Amino acid sequence: MNGLRLAVDVGSTNTDAVVVAADHRVVASHKTPTTPDPQDGIRVGIGAVLSGVDATLITQAMLSTTESTNALVEGRGLARVGVLRLGAPATLSVPPLYAWAPHVVKAISGTAAVLAGGFQMDGSPIAPLDHEGVLRFAAACTGSVDAITVCGVFSPDFPDQEEEVAEILRVELGPSVPVTSSHQLGQLGLLERENASIANAALAPVLTILVSGFVAALHDAGVEAQVYVTQNDGTVIAADEAVRLPVLTIGSGAINSVHGAVRLTGLEDALVIDIGGASSNAGILTGGLPRDSGYGAEIAGVPTRLRMPDLVTAQFGGGSVVDDQGHVQLGGDGVRLARRRAVTLTDVAVASGRMHSPSGTRGPRLATSLVGEALASIDRELIRLCERTASSRASMSLVALGGAARFVPVDLPGVSEVIRPEHHAVASAIGAATAEASGGIDRIYHYDDVGRDAALHDARALAVDAAIRAGASADAVRIVAVTEAPVHYADGTNYRVRVKAIGPLQEVDHTSDER
Amino acid sequence: MDDLAALNLGATMLGSGGTGELTHAHLAARRALEEFGPVPVCTAADLAPDAWVLPMYFLGAPVVAIEMLPGGTELGTAVDMFERVRGIEVSALMVGEVAGLNVLLPIAEAARRGLPLIDADTMRRAFTRTQMTLMTLAGVRASPITIADAHGNCLYIETADNQTTEMIGRSVTTAMGHIAGVATYLLTAQEVIDHGVLGSLSYCLDLGRYLQRLGQGDSSLDDLLAHTDGGRLFTGAVIDATSTSVDRQPETVITLRGHDDDQRVMRIEAQNENLVAIEDGEILAVTPDLICLLDSQNGRPISTESVQAGMHLDAIALPCAEAWRSEAGIRLAGPRAHGYGIDYVEFAR
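Just so you know, the protein sequences line up as chains W and R, in that order. Counting along the first sequence from 1, when you hit position 253 you're at 253 in my numbering, and nothing is skipped either side. Counting along the second sequence from 1, when you hit position 336 you're at 336 in my numbering, and nothing is skipped either side.
So here's chain R without its partners, still in its complex pose:
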């Protein structure tokens, strides 16, 4: 149970600002663990190489997730239909995206099903689009995908490419009320070893524990950055946080004025997740690296939508999984893939 609190914090951080409030997911996971017992976490090597592993996510709008909470059956319905139509039996579940409620809600489902969770995911962070995974880079197909709501409505869809999977998945999610449980990227244990990001859950837990210590005053931000090979981007007060919608894509721009030097101004551009950090025309950090905003006072990661003028924040960068830095990785999830006409640069430590 203490793991859950740490995972909550780690998952918020790895969401790079895009997670929204996670209380409900935390409580749902806790309840499932209380009812069904702890969830074993295994590595892909613990399974037979041809054992089936099924990643799960929730898709939808964070504001809907906190109001029209999951019924708790969505992921189960999605996995059941997958097994039924494909005629397979899943040996282990996997979090599709090690961020936000996509860490906590799959834990609840794994507890309910009595299946282990694999210590891996497909991104090692949060991304807006489900085709932005290392699986896509490796040529692994997201299709088929099952999408389910709380009513028991479920679709099993086959698509020709991962981008279409994302597009259709999102369409269906909208029709279902902007929140749905999804199972996709069916893998064998061997494929997880070959193409997945290994150790994601452990990483998330570890990060969360550091954040807990930071919040209690037992550790410093510098310790955390040293441990994660991260970098300090900026410390300052928010002077503006505005959001616009371009082609129905939200774009948020957060402007901070320097704490120690009020002549310095940094801008963060986000589309749900924080994607670019710029100071004086110089790119300080950019996707696929993670850009996180922490409350200067207690080290808590702040979601983009809750940033308000006057807040004192530390902006930091965490390195993405190494595989993202390949040419193909940058093409799939780098700045240009998100609509920014700039090139990827690694942040300074």
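This is chain W alone, in the form it adopts within the complex:
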């Protein structure tokens, strides 16, 4: 028997909660303002969405939130991190933490060191590992850091040294100081992998608090379910994996609505716009999946190599303030900052007849010219958003989602049709509730040694394993992307192989549980 899924999406303005059946039918949904401590809003959402639903039927619960991104941008709630890089005398042109914002470096400040060690592309050592240096680093970290990262050159291909050093540090510092080995984050590209590892270590307390709070809220509501957290490509990972690898949850908020669009409309190819309270995101669906941007994500200005979906963000939303001339103020905190009752885009949309008032009451009376000007400018922004996102000249359908989706006009030039599905307001939570699990691999193979077919076979198998470890059902995992890029100017046939695998979440058999 298939159980129900509960998902909570904590956005910057609103917290949405949904309960969804195995066939993706929406059983219940609720929207409540996001609270300063997100846990409060989460509890309200869970309580509201479970009224009328038997909590014991929930088998899987998902959490999606922008907390990780916010914490990194603001330098809030982060762990102090000791950063160790193995690769001297190479790599010294850009030291660890160089690109990070000063206020964040201060927040995570610990010790940073670059020691002799690491490997060349062919596995020969750059320099003998500086064992003494590792012990000195451990001593310097004692009592002054909460977590440590170790990043060795070419560790994704030769992970043993990183593991050996991580083990030494664990012994020296004890179990209360977790050590992240960068090769677990899998990507080639030293700075990006190092930054992802540092972000990972720094976010440990943020995720621990978030997940334990979510689990407690579920428990208090009578829900006993497998808990997942959405990651930055819109797929989910098991909650304990999220606590272990929190960096994967960065940027997960925005992408869920694109997945939600697939579930709600059944469309596999479309433009998706999610209009929130303060900002709007646009993305493209191709073959049922959001398009990958291909570039590494920059988090708080720091380059990482996280797989990121291709999203364009615009700084307008339902709460954006409109001035007396009808000009929409882009960016800023919208309604939250306005002390007197400011005119917002939602007011304009209501006054123009594009939407009914969300609160049911009549909004302020507005001059026709103001309404006209505001609508015209917002339509221009929408068209611009579509153009920036869609690179195909063939018209696509536009799926409008989010709380303020109703002010997207029925007709928009450049778009073949505008679809506003039922439950558009909670599309993000629906995307989270119906998310799949994914895994990937990125490494260099020496085709001369193993042969191309064997290498690709191995890479595919590793990606499938990664997807299954992430929670995908073993018999339904599919490979969604395989890329091979030759390694140039190097003797031999060396290829950088990237494989991504995705699969629906392993179903939990509810009937076998003892109650």
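Please note that a few of the clues may not be correct.
What the hints assert, rightly or not - Quick look at which bits of chain R chain W covers, simulated, 3 or more residues with Cβ under 8 Å:
1. 25-33
2. 54-66
3. 71-82
4. 302-314
The hints are simulated quantities; they were obtained by calculation from the structure and are not laboratory data. None of the values given here were measured: they were computed from a predicted structure. The C-beta atom is built at its ideal place from N, Cα and C for all residues, glycine as well.
Here the structure of chain W is known, so what remains is to put chain R in place on it, guided by the hints.
Chain R in isolation, oriented as in the chain W frame:
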């Protein structure tokens, strides 16, 4: 510092797809500028005619450059040894190749040394082989060459011809782990005026600024092409990107299907840099002209290795430096020099 961001973009474009990721080089240059101050850029005419100018490059595999980052001492070691063995003092440095990290890392070295950079280079684009320079056409010797790694290992090598310089240089680079700093093609300021490509850095910066405006939506691709006398080759979606190794030479073939007309198909052949663009058996553009792929959405130049099926790209051509179009230039760096049995044709505007 804003110059750096523009130079980064321009250098990527001039790499014709062969640059790989440049974040680390950008950061290294920024750090050096922060520590040592700005780098003056001068023209060759600003120097005494017999003043020494030393071009610098990095050789190696782009994937190694992003993982085993430069230590930051390679170019310095190479220049130091050059000066010591030759008994000279260098008045200005020069980027050997105005593309990719070979623009950004020499800036870091110039900052460190407190020497100016000459607004010139030897190719006005990227080429796989270091003998493919206008210096070679002019009979200027690449030898001697110094090659250094991050450990302070350095070789000073004299060779009989420029092709051998390239071959030995690459051998040593492989032994050093596929990345090394190189100083070569020692020139006098007068030789730079006579044989170098003048204005390369300015050109790169200018190109980068246009790309910035394109990315911000403040300019169009047509503007950029008009400004650079470039040409639009094709706009479409990548349907295939495969790479094979022939005699250890990577060959990448990218196939695009037309955006406006999906019956049209274009093929780009690359060996690190994009070298030939063909549609329906007709050569649209070919080396030594530059063939660049830009992301249709934001105008960013895309490196060949990151091209994936499904990407929407604009393929454009930029004219090479005029000197490449001579008979000798085509012989050195044209299609046949890269192994393609076709003749050079200029692209259409």
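Original post:
Of the hints stated earlier, which fail here?
Top reply: Checked against the structure, no hint fails, so every one of them is satisfied.
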